[in-house]
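Colleague: Here is what each chain is made of, one letter per residue.
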Amino acid sequence: MIFHPGVLALVTGSVIVLVMTLFSVILALRIIIGWDITKSTARQLILERQTYLVAVIMKYVMGFQILSLFLFIYTADDIHQLFVGAMCATGSLNANPIGWPVLFTKIVIFFLCCLWLAINHIDELAEDYPLVRFKYKYLAAITPVIALETYWQLDYFLGLRANVITSCCSSLFSDEGVTVASSLASVPVDTAMYIFYITAAIEIALLSALLLKKTASPRLRYISGVSSFIFFIVSIMSIIAFVSIYYYETPVHHCPFDILQRQYMFIGYPLYGSLFGGVVFGLAAAVTEPFRKIASIRPAIDHIQRRWTKISIVLIIVFIIIATWPVIFSNFKAYDGVLKPPTGGTGVKGDYPPSSLIFYCCVKEKSCVS
Amino acid sequence: MKGHGRIIEYALSTLARRKFKNFSVAAVFSVLIAVLSSILFLMHAYKTETLKLLDNSPEIILQNMSGGRHELIPTEYIGTLSGIAGVGQITPRYWGYYYDSLTSANYTLMAFDETMRDVKPIDGRMPAADGECAVGRGVADLRQVGIKDDIFLTLGTEQNVNLKIVGTFTANSAILTNDLVVLTKADLIKFFNMPADKATDITIEVNNPAEVSMVARKIRRTFPDSRPILKNELLRTYDNIFNWRGGIVLIMFFGAIAAFMIFVWDKATGINAEERQEIGILKAIGWETSDVLQLKFWEGVVVSLSSFLTGLILAYMHVFYFHAQFLAPVLKGWSVLFPKFEPMPYIDIYQIFVLFFLTVVPYVAACVVPSWKAAISDPDSVMR
Numbered sequence: 000m001i002f003h004p005g006v007l008a009l010v011t012g013s014v015i016v017l018v019m020t021l022f023s024v025i026l027a028l029r030i031i032i033g034w035d036i037t038k039s040t041a042r043q044l045i046l047e048r049q050t051y052l053v054a055v056i057m058k059y060v061m062g063f064q065i066l067s068l069f070l071f072i073y074t075a076d077d078i079h080q081l082f083v084g085a086m087c088a089t090g091s092l093n094a095n096p097i098g099w100p101v102l103f104t105k106i107v108i109f110f111l112c113c114l115w116l117a118i119n120h121i122d123e124l125a126e127d128y129p130l131v132r133f134k135y136k137y138l139a140a141i142t143p144v145i146a147l148e149t150y151w152q153l154d155y156f157l158g159l160r161a162n163v164i165t166s167c168c169s170s171l172f173s174d175e176g177v178t179v180a181s182s183l184a185s186v187p188v189d190t191a192m193y194i195f196y197i198t199a200a201i202e203i204a205l206l207s208a209l210l211l212k213k214t215a216s217p218r219l220r221y222i223s224g225v226s227s228f229i230f231f232i233v234s235i236m237s238i239i240a241f242v243s244i245y246y247y248e249t250p251v252h253h254c255p256f257d258i259l260q261r262q263y264m265f266i267g268y269p270l271y272g273s274l275f276g277g278v279v280f281g282l283a284a285a286v287t288e289p290f291r292k293i294a295s296i297r298p299a300i301d302h303i304q305r306r307w308t309k310i311s312i313v314l315i316i317v318f319i320i321i322a323t324w325p326v327i328f329s330n331f332k333a334y335d336g337v338l339k340p341p342t343g344g345t346g347v348k349g350d351y352p353p354s355s356l357i358f359y360c361c362v363k364e365k366s367c368v369s
Numbered sequence: 000m001k002g003h004g005r006i007i008e009y010a011l012s013t014l015a016r017r018k019f020k021n022f023s024v025a026a027v028f029s030v031l032i033a034v035l036s037s038i039l040f041l042m043h044a045y046k047t048e049t050l051k052l053l054d055n056s057p058e059i060i061l062q063n064m065s066g067g068r069h070e071l072i073p074t075e076y077i078g079t080l081s082g083i084a085g086v087g088q089i090t091p092r093y094w095g096y097y098y099d100s101l102t103s104a105n106y107t108l109m110a111f112d113e114t115m116r117d118v119k120p121i122d123g124r125m126p127a128a129d130g131e132c133a134v135g136r137g138v139a140d141l142r143q144v145g146i147k148d149d150i151f152l153t154l155g156t157e158q159n160v161n162l163k164i165v166g167t168f169t170a171n172s173a174i175l176t177n178d179l180v181v182l183t184k185a186d187l188i189k190f191f192n193m194p195a196d197k198a199t200d201i202t203i204e205v206n207n208p209a210e211v212s213m214v215a216r217k218i219r220r221t222f223p224d225s226r227p228i229l230k231n232e233l234l235r236t237y238d239n240i241f242n243w244r245g246g247i248v249l250i251m252f253f254g255a256i257a258a259f260m261i262f263v264w265d266k267a268t269g270i271n272a273e274e275r276q277e278i279g280i281l282k283a284i285g286w287e288t289s290d291v292l293q294l295k296f297w298e299g300v301v302v303s304l305s306s307f308l309t310g311l312i313l314a315y316m317h318v319f320y321f322h323a324q325f326l327a328p329v330l331k332g333w334s335v336l337f338p339k340f341e342p343m344p345y346i347d348i349y350q351i352f353v354l355f356f357l358t359v360v361p362y363v364a365a366c367v368v369p370s371w372k373a374a375i376s377d378p379d380s381v382m383r
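Taken in order, these protein sequences are the chains called G and B. Once you know that position 360 of the first sequence is 359 in numbering that gives the first Met the number 0, the rest is easy, because the numbers rise by one and skip nothing. Once you know that position 312 of the second sequence is 311 in numbering that gives the first Met the number 0, the rest is easy, because the numbers rise by one and skip nothing.
Hints listed in this document are in silico derivations from the structure and should not be mistaken for laboratory results. Note that the Cβ used here is the ideal one computed from N, Cα and C, for glycine as well. Hints may be right or wrong, so weigh each one.
[Said to hold, decoys possible] Incomplete in silico selection of chain B near chain G, CB under 7 Å: (1) Leu39; (2) Asn207; (3) Asn242; (4) Trp243; (5) Gly245; (6) Gly246; (7) Met251; (8) Ile284; (9) Thr288; (10) Phe352; (11) Phe356; (12) Leu357; (13) Trp371.
Bound conformation, chain G alone (with noise of 0.2 Å):
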């Protein structure tokens, strides 16, 4: 266990986050089984009035599950110097089996959290509840994520062993050789830079034809939210196979976290913050389609889907622009395969693995014949 003040925050404010949900979940349970909109006893009073009581809870503990994902990573990139052979997030996250299913989960949440957030935007739009039992099963669904998510969180942090000197000599010798791998593997720059910008382009296509009739055909909109996952796992997979080369100007650094850091101006600010609002608001625009079956919110879903699409269009947009910017504007140059250093040297042509230091050392001593 390592007793850094993140840590302790994380999983103080996982915790709180916890017990929050579980509340919720046990008035959902309550609402669910006496719920029953016809009547108009005291007790479906008291019932109506803590759909609000849950709908805050919700909207604070989706406020936590967003910045507790920063501080997790921001949290993963402190703690990496005490471990031997890491050199940011990636290294701490290695660390441990754990780390990484714990940041997929708590990818995972956010957006089960902004989805529920959209379907209880819609509820309250109408006057008679009507999607009340579906979204506080869907509460109770995602209330065992949130559980594993705070264990797996304290697990995680629980088994890191900090590499430092003990009595005896020094543990680099008593582990020998095991380091922690400090990098991720990644597709080939021009072929990741094809498959990104097909996607984007479907992406796009497919938001906006969705705005071309007033009201999309279904069939059209769930194809968008299932294109709006695609081009969520591609982009992250982009930004890691050349976004970050192209902003550290470094052909083998493929960290996804550094750009959240200082030196690189907090550039991975926007650029996630587009890409995850943008996924969040085109499949928001496409979860919420079945429920336009109800004729009392028919109208208001029709003028919010327009409204999700429009934005999901304009985020998704920034976050081209931002992916794009360096690839245009830096000095650093990584296409068809051959792969020049920053200022001046020799391009080398060949087929590196991008993750292999020789192939630094190369572009450092500008030697290299390939």
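We have chain G already, so just place chain B on it with the hints.
Modeller: For chain B alone, coordinates are given in the frame of chain G:
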């Protein structure tokens, strides 16, 4: 957005109307935040300062071990060490600790060698001949001596030296040199009665940083009784120690955070008839439950933000202007000759983030249910 603006305006006026109650919450909250952020600021300052110092330390320090204890190391090792590929400059170091019974303090005595040329700034100069020495600020102050004065160190009738002070280290390097006495190698060997063929430890430079652990492994294989200490390990260990100390002190304040949550809960639950009536009137004139909840949310934002900023400013002043007088002994460790240390003012977003999680999240959690209870109150029942 305009609606939010109006609600904030109204929230500010309600807060102002109940000055005492809100002020007491904000004051307690500010103090709590000030304490927690002092811990974080100070720990960060210590960490950066120590890590910066270690930057100049050699890649490998080689110690000799005997019976699991640190022993003097034979200087003949140097010949074998220089045969290892990749090894740069090798320097034997002569140093030791001396307990001065006059001032009840521990001094670090160190023999002058070429690698210490960089240890600056000093008044005067480094010792050049036997019988000369340079002392740290702390030693000079404690013994009330200065340049050209004599300083007498003794370990018994045989082992004693009378040294002329030819230089003092200034306060800038206090964390390194405060308890330091630098003398010539001959004087030090005579004073500590060290065998001529032994040194305290050996520092080894490695030309290529990537080869450090390989070199260390070879050394360990060649001299199984030795302990190579790597600079990276020192860095990691110090990092961990400061994290640990800060973390432990933070944990001690978890009780305070819990107490604060209960306090907030209590204050927020105990709304009086007047407040209840106010909410009743709001609802009667058309506010909805969600509007009242929004009002409560903005009230919480105002209280927590202003306390957060006040707390940060208090902590900043405490740590960077008053040298963290309340906390330093816990986080720093203690010693008679501890250097006066002026932390470099520095705040980063990460610390703010951590503080936010440790303080605002519990505050919000404690406020949610009470503010909902207030928001759902029935207009007709409270106005009656």
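Colleague: Each of the hints needs a verdict: does it hold here or not?
Modeller: Verification of the hints:
1. Among the interface hints, the one on leucine 39 of chain B holds; its C-beta lies about 6 Å from the nearest C-beta in chain G, closer than the 7 Å criterion.
2. With 7 Å as the threshold, the beta carbon of asparagine 207 of chain B stays out of range of chain G, its nearest partner Cβ sitting at about 11 Å, so the hint is violated.
3. Hint status for asparagine 242 of chain B: holds, given a least beta-carbon distance of 4 Å to chain G, under 7 Å.
4. At its closest, the beta carbon of tryptophan 243 of chain B sits 5 Å from a beta carbon of chain G; the interface hint therefore holds under the 7 Å criterion.
5. Satisfaction of the interface hint for glycine 245 of chain B is found here, the shortest Cβ-Cβ separation to chain G being roughly 6 Å, below the 7 Å cut-off.
6. For the restraint placing glycine 246 of chain B at the interface with chain G, the shortest Cβ-Cβ distance is roughly 3 Å, inside the 7 Å limit, so the hint holds.
7. Residue-level restraint check for methionine 251 of chain B is violated (minimum Cβ-Cβ distance to chain G is 11 Å; threshold 7 Å).
8. For isoleucine 284 of chain B, the shortest C-beta to C-beta distance to chain G is roughly 19 Å, which exceeds 7 Å, and the interface hint is violated.
9. The beta carbon of threonine 288 of chain B is positioned within 7 Å of a beta carbon in chain G (closest approach about 5 Å), and the interface hint is therefore held.
10. Given hint, phenylalanine 352 of chain B at the interface with chain G, holds; its Cβ is 5 Å from that chain's nearest Cβ, closer than 7 Å.
11. A distance limit of 7 Å between C-beta atoms decides the matter here; for phenylalanine 356 of chain B the minimum to chain G is near 4 Å, and the interface restraint holds.
12. With 7 Å as the threshold, the beta carbon of leucine 357 of chain B comes within range of chain G, its nearest partner Cβ sitting at about 5 Å, so the hint holds.
13. With its C-beta approaching chain G no nearer than about 4 Å, tryptophan 371 of chain B sits inside the 7 Å limit, and its interface hint holds.
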